[in-house]
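A.B. asks: Assemble the whole structure, with the sequences as input and the hints as a guide.
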Amino acid sequence: MAPAKKSPRPCCHVSFLLLQLVLLSVIVFPATAAAASTSRCSNPSPVPNEVPEGNDARELLRSFQITTGYFSGGDRLFAPDDDSAYIPRSFALSPYKVARTTDPAILEVAATLALYGPSSDHGGGGGARRRRHRYLVSQLVASFVLHGYYSSASGELCVVGGSGSYSVDGGSVEHLRDVNLHLRVPNAPSLADPFVTGLLDGADFETISLVAYVENDRYVYSEKRPSCPPPMPAHAARGALQALEANFSCSHLREIFVSSYRLENTSSDASSPAASTFQFPLSHGGLRMLVNQMHCTANGSVRAYVVFSNYTDSERRWRRDMVINNRFLVKEEAVVADGYWDATTSRLCLRACRVAHSSAAETELKVGEQCGLGMSFWFPAVWTIRDRSIVAGLLWNANQEESGGNKHAGASLSGVMSVSSIDGDGYNRRRSNLTDVKYNYTMVEKAKKQYLSCKFSKRKTGRFPGNSSMYSYSDFRFNFFIETLGAGGQASPVTIGSVMVDGDQLAAEYMFFRHAMGEMNKSRTAVVRMDHSQLLNVSYDISYRVRSANSKARKNSSSLFSHPLSIEHREISAEGVYDPKTGILFMVGCREINGSSTDCQILVTVHFASLDAKGNGHGRGKISSTRDKADRLHFEAMDITLYGMYREQIGESIWRMDLEIVMAVVSATLSCVFAALQIRHARANPASAPSATSVAMLAVLALGHVTHLALNVDALFVSRRTHYIPISADGWLELNEVMLRVPTLIAFALHLSLLQLVWSSRRSAPRAIAEKWSAAERRSLWICLPLYLLGGLLAGAVHVINNGGRAAAENSLVVRVAGDSATLWDDLASYAGLVLDGFLLPQVILNAMSRSRARAISAWFYVGVTVLRAAPHVYDALRARGYVPSVRPSSTYAYASPRDDLFGVAWDVAVPLGAASLALLLFLQQRLGGAFFVRGRRFGEYEMVPTTVSSHQEGDKKMDHERGDVIAN
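FYI, in mature numbering (1 follows the signal peptide of the UniProt record, and there is no 0) the residues of the sequence shown are -35 to -1, 1 to 934.
By construction, these hints were calculated from the structure, which means they are not laboratory data. Idealized CB from N, CA, C, for every residue including glycine. Just so you know, not all the hints are guaranteed correct.
Label-pair ranges, simulated between beta-carbon atoms [what the hints assert, rightly or not]:
| id | residue 1 | residue 2 | range |
| --- | --- | --- | --- |
| 1 | His599 | Val763 | 40 to 46 angstroms |
| 2 | Val185 | Glu18 | 22 to 28 angstroms |
| 3 | His534 | Glu18 | 39 to 45 angstroms |
| 4 | Pro651 | Pro751 | 32 to 38 angstroms |
| 5 | Ser119 | His534 | 45 to 51 angstroms |
| 6 | Asn264 | Arg41 | 45 to 51 angstroms |
| 7 | Thr77 | Arg592 | 55 to 61 angstroms |
| 8 | Ala675 | His599 | 27 to 33 angstroms |
In silico DSBU-like cross-links for lysine-lysine, where the CA-CA straight-line distance does not exceed 35 angstroms [to be verified]:
| id | residue 1 | residue 2 |
| --- | --- | --- |
| 9 | Lys189 | Lys414 |
| 10 | Lys414 | Lys62 |
| 11 | Lys587 | Lys403 |
| 12 | Lys414 | Lys296 |
| 13 | Lys737 | Lys587 |
| 14 | Lys331 | Lys296 |
| 15 | Lys189 | Lys420 |
| 16 | Lys189 | Lys411 |
| 17 | Lys403 | Lys414 |
| 18 | Lys594 | Lys413 |
| 19 | Lys413 | Lys189 |
C.D. replies: Next up, the structure:
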């Protein structure tokens, strides 16, 4: 009977079912995901053919170009975009092909999409990476090559199956697969539809949302032009010809208007229509407005994207993202506006609509129904201490005009807010020609009375800007350092007398010499009469940066980005008087408090250094508060140290640098000549010169040239004018590099050749002679090396002593304006220069140990190199008597630099004397014997003896002759 069949085990069925499920998931799920990702759009079917390029090819390319956009999502690649990220997110779309097809409504588009942002920790397929601090985030750049079709009917660009790649900080490239793009580009963008939005997804990253303000020229401006209130006397505007350098210039308009602005509610009604209608925080003090994007056409049509935010929350990030990086901002309350430039009144008139944010995603932007905000901007023609804006303006509720009430009523409009630009780093101001702006002094009389009643007015006279023969308005500009705060700042004159010297430097210089010189001459006449009847009116902009009170950075932090650090930018507008007789600047200042109020009880005094002074510095001063100490706005007085150079001193310094460059080139060239002469001397005396030359001496000289090349690549090869005025070409820089490096390299090669000649001569010499010189060389090294090491340790100890206490006492943000403290490497390099000064020491010790009187060293060589080593010290002593050092003098020294040797009163005397003493000692050794200064023969183990038969015979004859003379006597 056949055995019964065993039934299959249940576990086998389960395993088989699990295997089927796995295979099904592998096959079905990717297909489902692909279907989901491509379901947003699809390419036209059938695909239309491309037609030949027409005359509008360039216009078609511009219609899809996006230079600045924002994206969210993609967390596998990019880190979260928060306020602490120093690398904001942005994207750019660059089309390289847009062609028409056989279907008039379809365009074929090929473009490159680039995304920039902070890298995440895991980095999407790039492998695990070491976690970085959030303030030291790496930048990730993702680039996609896309090819798809755009439908003008739906306004959608669809790309399926694209490819991409990304890299972190320019490192290895990782590829991205199955990239799909669905982008909505309005065919006819307008005030109601001004945004480009879309989605980007792929197999290797999460969906990314894109948004940008449309940049193409197809924008359709509103048919009804917005109206502006008529200009009022208090709102006098400059002409467009001076402000824009033309009747209308789109590029200049965009450069000036894209900036941050201060808002001030001029209406007494806090619940004004301008605030209630738009539900912005416009009725609160301390607000900022930012024109983030602006575009215009040649006929004067202008459109803009404007955002609003609180002063304390977002100004720092605005300035970083927009001013520095020019990024598209989407997280703040915003409006879109369009209008026109009114050439008759030189005003920009705009009408704005509020941008609504979707609750689902921050990139979902759309224009709401609230379009009643009027905007007007102009270039102020009059400045005061409280308002020095390049651009001013008004915001008001434009719905009042439609309701028929108070049309063009100007100041009677309710809810009016004033707008004034904030220059930040002064970029727009430096580029603008402001010579036609009139300045009204309002604090001069107050400052003059205080100055005449104080002891400063009785200060002794001297040569100061304003009473010397050569001066410029730039002499009144200075940088300063606040020791107590560890902060630095700058002060720039706005007006000198009645002349505007702010803005474009060339225009200001012209106006200064045309008008202000006359006022200066009047002041000089008053100086001769020794009175103060012609004090010069001046106004200044003063700015400085300090660490904020809530900063958590540790005092011993060595990096600004090691900890969350907040830097406050403080500004003071000041005006007062300048006394050309005493060089004293006495001003009353105003500063903004929390963006809502102004404190004008500030006193600024500056004592300019005399043009005849030889000290390092530009003068001293103080910024103090005149309020009572119990007042909450009172602050402790800040002593400031001015640094810089006058124009007359700059000319002298440039001449000095030219002379030093010539001296450095001549010195390096002579070093080559002396080395070549020594090689010639050694080859002319092969029996004695090569063997009797110290290898240690030649090694010291060769290493000296190496140190010189390593230290002065950046210090010496900088243009002589780099420290004073900008340079526009690199020709002089390259010339200096060739002039200074080539002779030094040649001298280094010649010393190596001489070293090789001496070494090979000793190896080929007879054994007894070679052993003799080798033993003497070892003895000299046993003396020199401990001396060199002991000197190096002493130099390191002195460096630690001088810098240890200073580093412990200094704040982590202190910036030393009188020159950065020397590093340990700098001090050791200076000590190496001292070793090089005594380059003859190994040769003198070698001669003493060997008792040699061989003339191994040419007089041209040891005298010439000694003079080259002593000359910088002589020059340094002369330079200290007649040259005013700049902020960092060592960086402007092309010859006799502290990085090359030890300089000072003592060193400038000791080094030449020591080098000359060694040269004299070598001269005597080569004529009287190496140990002529030592009695007996215990100093050295060896003595020079004749080595030839003829020499022995001559010695025997001489001894017999002397013995005969003794017997005869």
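A.B. asks: What hint numbers does the structure not satisfy?
C.D. replies: Violated hints (numbers, rising): 3, 8, 9, 10, 12, 13, 15, 16 and 19; every other hint is consistent with the structure.
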